[in-house]
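Produce the complete structure using the sequences and hints provided.
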Amino acid sequence: MDTNGIPSRLRAADIDRERVATRIQAAGGEGRLTLEEVEDRLSAVYSAKYTDDLVALTSDLPKPVPKRRLVAFGHPALRIHLAVAVVVSALLIVRWTTSGAPFFWPAMPMFWLAMSVLVHARVRGARRRFKPEDGIAVA
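Here the sequence shown stands for residues 535 to 673, where the numbers follow the numbering used here.
Hints in this document: simulated from the structure, not taken from any laboratory. All C-beta atoms in this analysis are idealised placements derived from N, C-alpha and C, irrespective of residue type, glycine included. Heads up, a few of these hints could be off.
[Unchecked claim] Have a look at the derived ranges for each label pair, beta carbon to beta carbon: (1) 580 to 652: 48 to 54 angstroms; (2) 600 to 559: 14 to 20 angstroms; (3) 553 to 609: 28 to 34 angstroms; (4) 643 to 563: 52 to 58 angstroms.
Next comes the structure, spelled out in structure tokens:
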């Protein structure tokens, strides 16, 4: 025990073992480990009692790359643009219902509002993909 009453070694949970086992299996699938090494490490994973034992089994493997989330309308300016387009579209529909027009005339302005939001999203996405080292000037 530590001086604070916290154990110096934490016991490993099943989810910890599964996470490490998945990482070892992935390394074996990539060719970083031989089949014998994968089997030896997996047997050590499932017999490990403490988390520091699990860390030692993957210390020579590269860290997993975190997956990027696809963020739709992630930039605040794009979210504001979308909100304005939705509000204007709603106002156009209300105006159409009160006007008594026989055809749905807000379709064309709503189409152009939607196109402006899509173009804005496309431009924002292009700015995010290019880096200064790519040699392309993006304002």
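task = Could you check the structure against the hints above and give me the numbers of any it violates, in ascending order?
result = none
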